[in-house]
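Undergrad: Put together the whole structure using the sequences plus the hints.
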Amino acid sequence: MQQPIIEEPRTYFKAPLSTPQPGSAGVTGAWRVKKPVVDPDKCTGCQICWLYCPEDTIIILDTGKVTVEYEYCKGCGICAEVCPFNAIKMVDEGGA
Amino acid sequence: MPVKVLTGNHAVAEAVRLSRVKVIAAYPITPQTTIMEKLSEMADKGVLDARVLRVESEHSALAAAYAAASAGARAFTATSSHGLLYMHEVVWWAAGSRIPLVMAVVTRAIGPPWNIHVDHQDIMDQRDTGWIIGIAQENQEVLDMTIQAFRISEDPRVYLPVMIGLDGFILSHTSAPVDIPSQDEVDAWLPPRRQPYVITPESKIVMGNISDDDEHFMMRYSMHVAMNEAKRVIKEVDESYGKTFGRSYGGLLECYKCEDADYAILLAGSWAGDAKTAVEMLRSEGYKVGVIRIRFIRPWPREELLEIASRLKGIIVFDRAVSMGSTGILLGEVSSTLYSTKISIRGTIAGLTGVDVGPEAFYTQAKEFIEKVEQQGHVYEPLHWLLPPRYRRRGKPGKIERAEVVM
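Note that the protein sequences, when read in sequence, are chains A and B.
Going left to right, the first sequence walks through residues 1 to 96 as the numbering used here numbers them.
Going left to right, the second sequence walks through residues 1001 to 1407 as the numbering used here numbers them.
Fair warning: there could be bad hints in the mix.
Derived lysine-lysine pairs resembling BS3-like cross-links, with alpha carbons at most 30 Å apart [claimed, not checked]:
id : chain 1 : residue 1 : chain 2 : residue 2
1  : B       : 1204      : B       : 1004
2  : A       : 74        : B       : 1004
3  : B       : 1204      : B       : 1243
4  : B       : 1257      : B       : 1004
5  : A       : 35        : A       : 65
6  : A       : 14        : A       : 89
7  : A       : 14        : B       : 1231
8  : B       : 1367      : B       : 1257
9  : B       : 1231      : B       : 1243
10 : A       : 65        : A       : 34
11 : A       : 14        : B       : 1235
12 : A       : 14        : B       : 1204
No lab work stands behind these hints: they were computed from the structure.
TA: And the structure:
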């Protein structure tokens, strides 16, 4: 197919475009009510939580085990739900 | 340039072929029209080098056309009435993403009850979406406006999608002679596709992600700026088309016999032809009347209308769409535009749901309005219903005394 010409708009122009990057939707970690806490002794490094995390906030360590990027983790709890070894617990955030 | 006898639908298809559209998406069942039937036939025969996508709904049809356009293809879809309403969400998305795209809308009444005849309720429902919205009067204009739509939409001063309205049945399924330009002529006139960005698997662009509210506000503002710019672009394109193809329509609106007119009938669509006939009848009796035919609902021809109205005593607006609980759509636009003038205005809602309005009705209504203005000096009657003939009473237009259930 013939490629279109990409031409700069010639008026004030603002389109809803973004490029994927960490935090492009803001600091979503502030949304959490509960936070996932990984027990490194129980974690086997199966990485199923990494596969399921909708926000890409499970970080794989050099050991193959995981930790959580709390700046953007929304606290949905899916990782704790899917962990086959009960290695992730949801803990109340601050306050209490 | 061969002249062929074409329905409005086939005029759209010829224009799409000549504009070398690459992707066409449609939901192939009612309320789809013979626009898609013809385009599929053209693609099948190889006269049109385009992918024709059959999808499962109108929502998906516009989503597919819009996605193809985002990926860099000149894309097109067509729909009508309920199909257009089903698209409504994507209508906003396509405009908001600033991707050039063209859609034909066969304007038809909205149910319930089911109705396949003309009015403008469906297209007026899209008025605030950020699409440029044109409404043609006859089949030749349908073809010309569709070719022009690609050039307007793809202009870097605009980058907004364009919707072309053609009246259901009156244009869509009625044949008339149409002058079809040659492919070479259209190729020379219509520039290659331009757009502000292209989304491909490699481009790593996200469209429509959640954004800062201030940024979102400014996106709305930028669409409005582009609409204002489109006023100039539409005029330029109309003039340039006229130079090349010999047909020019006046840009955002057409003014018929306005030069010496004291009064004007204002409307949009095919019934402007009947209004023009009524003007001849009125002029033969000495009434100096013209027709202001709105060609583009968006952007709204505010400046042109103000200029013309400064020479007039009164405008009678005929609306084929009503905002129930308020007034006709055009009447609202005309009233707000002419607020600061002393012109007399009457808004008449007529021809809804396919009810025929012929030259005699325009003649009678306009004459009555003119005589009232001449007697009273100033008239502002925003809401006047021209009911179907069997519901009209002599001397009491628009009065229904009891509730009725029609079975």
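Undergrad: Does each hint hold? Answer for all of them.
TA: Hints, one by one, checked against the model:
1. This hinted pair does not check out: residue 1204/B and residue 1004/B have alpha carbons roughly 47 Å apart, beyond 30 Å.
2. As the CA atoms of residue 74/A and residue 1004/B are separated by approximately 63 Å, the hinted pair breaks the 30 Å bound.
3. Distance check on the hinted pair: residue 1204/B and residue 1243/B sit about 42 Å apart at the alpha-carbon level, beyond 30 Å; violated.
4. Distance restraint check for residue 1257/B and residue 1004/B: the Cα-Cα separation of roughly 29 Å lies within the 30 Å cut-off, and the hinted pair is therefore satisfied.
5. Between the alpha carbons of residue 35/A and residue 65/A the distance comes to roughly 18 Å, so the proposed pair stays at or under 30 Å and holds.
6. For the proposed pair residue 14/A and residue 89/A, the alpha carbon gap of about 43 Å is over 30 Å, so the pair is violated.
7. Simply put, residue 14/A and residue 1231/B have alpha-carbon atoms about 19 Å apart, close enough for the 30 Å limit, and the pair holds.
8. A hinted pair counts as satisfied when its Cα atoms are at most 30 Å apart, and residue 1367/B with residue 1257/B qualifies at roughly 16 Å.
9. Of the supplied pair hints, the one linking residue 1231/B and residue 1243/B holds, its CA atoms being roughly 19 Å apart against a limit of 30 Å.
10. At most 30 Å may separate the alpha-carbon atoms for a hinted pair to count; residue 65/A and residue 34/A meet this at roughly 21 Å.
11. Taking the CA atoms of residue 14/A and residue 1235/B, the gap is about 24 Å. The hint holds against a cut of 30 Å.
12. For the proposed pair residue 14/A and residue 1204/B, the alpha carbon gap of about 18 Å is at most 30 Å, so the pair holds.
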